[in-house]
Amino acid sequence: MAKTFNTGRGRRGGMGGASAALVWGVVLLCVFGAVVFWRASLAGFFWDALVPLQHFRSALGASDTTRLQAELASTTARVADRDALYKENIELKARLGRDAGVQTILGGVIMRPPGIPYDTLIIDAGIAEGVTQGQLVYAGGTSLIGTVGQVYAHTARVVLFSTAGETYDVLLKGSVPLTMQGQGGGSFVGQVPAGTSVTAGDTLVFPGVASGFAGVVVKVESRQAESFQTVYARLPVDPLTLRYVEVRK
Amino acid sequence: MFRDSKLVSAAAVLFVLLAFLFSWWPFALVGVVLAALCGRAVTAVVLALVLDCAYGVPSGYVHVIFFPFTFLALCIVSARAVLARHMR
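Each protein sequence line maps, in turn, to chains A and B. Here the first sequence is numbered in numbering that gives the first Met the number 0, starting from 0 and rising by one per residue. Here the second sequence is numbered in numbering that gives the first Met the number 0, starting from 0 and rising by one per residue.
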């Protein structure tokens, strides 16, 4: 009678598979821990390496149309900002300026939506240029578009105010307070009490004497028998065409 | 084609590179998902970690997921492993 011997290979094979999975799990945990610990450094290294490539790619793809679109976006922001400032200037004509020595860092936009998610921008100004986390970012004049989120050696990440889920307190026409919630892509939504005088084209500013121009109302929705009317607004400049930003110290 | 692991890994890396070349981040997402769905777990997780480092801490609604691309890759890899075991 033939005898069969149980060599235990199946059992050893199963244990070998479990050991391999355990080793892979430990390796993955170590790699993940290292990435978490050195995330900022790795991101800074990544963007420092990518900046020359992006500049080269932008130069290749540059054309008169692209240049004119970027200039138009910048000019549109400046015109809207000037209109808001003119109205404020009439009211504040007798006052002296509070701060005339604002230092500005000019940053070129390397990556913008949809090249990067989360409604953020990557600019080519970082720690070396004097940028610090939390500084306000302007598109031109007093058109405030976001804040500096993370800073790397020579680049920085700007989080736009229109990021989906972010909320900010603004003043409608400089007097009516409301809370705007970002919807992404440069858009906001907020609510004001029914009966509030608001139309498309009205300006939104951030509270404070040295306030920034937050956006422009593009649509107002009001329904009968409702206590609030919905206000849709946009950033003063289209983030998809932004080419330069100003970081103010 | 999807059984050729080298081809799948190469395609995933290519999609991530295209995301930066054409400035459209969904290409990067496609690369990570492709690698994870085709069983290339290491490739998917490594690519996802690189993307999470590059794009930074998410803002807005997804800020609670500190590493969204890595989280997505691990979810797909785990789901694939569970489904593969149950379908044997």
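A hint or two may mislead.
Computed footprint of chain A on chain B; a stretch qualifies when at least three of its residues, placed anywhere within it, have a C-beta under 8 angstroms from a C-beta of chain A [what the hints assert, rightly or not]:
id, region
1, 3–11
2, 47–54
Straight-line Cα separation of at most 25 angstroms, SDA-like style, residue types lysine to any residue; simulated pairs [to be verified]:
id, chain 1, residue 1, chain 2, residue 2
3, B, Lys5, A, Ala20
4, A, Lys218, A, Gln182
5, A, Lys248, B, Val56
6, B, Lys5, A, Lys172
7, A, Lys172, A, Gln182
8, A, Lys218, B, Gly59
9, B, Lys5, A, Ala19
10, A, Lys218, B, Lys5
11, B, Lys5, A, Gly24
12, B, Lys5, A, Trp23
To be clear, the hints were calculated from the coordinates, so they are not data collected in a lab. These numbers were taken from a predicted model, which means no experiment stands behind them. Every residue, glycine too, gets a C-beta built ideally from N, C-alpha and C.
Outcome of the hint check:
no., hint, verdict
1, 3–11, "violated (count 0)"
2, 47–54, "holds (count 6)"
3, B:Lys5 / A:Ala20, "holds, 22 angstroms"
4, A:Lys218 / A:Gln182, "holds, 14 angstroms"
5, A:Lys248 / B:Val56, "holds, 23 angstroms"
6, B:Lys5 / A:Lys172, "violated, 59 angstroms"
7, A:Lys172 / A:Gln182, "holds, 21 angstroms"
8, A:Lys218 / B:Gly59, "holds, 23 angstroms"
9, B:Lys5 / A:Ala19, "holds, 21 angstroms"
10, A:Lys218 / B:Lys5, "violated, 51 angstroms"
11, B:Lys5 / A:Gly24, "holds, 22 angstroms"
12, B:Lys5 / A:Trp23, "holds, 20 angstroms"
Of the numbered hints listed earlier, those contradicted by the structure are 1, 6, 10.
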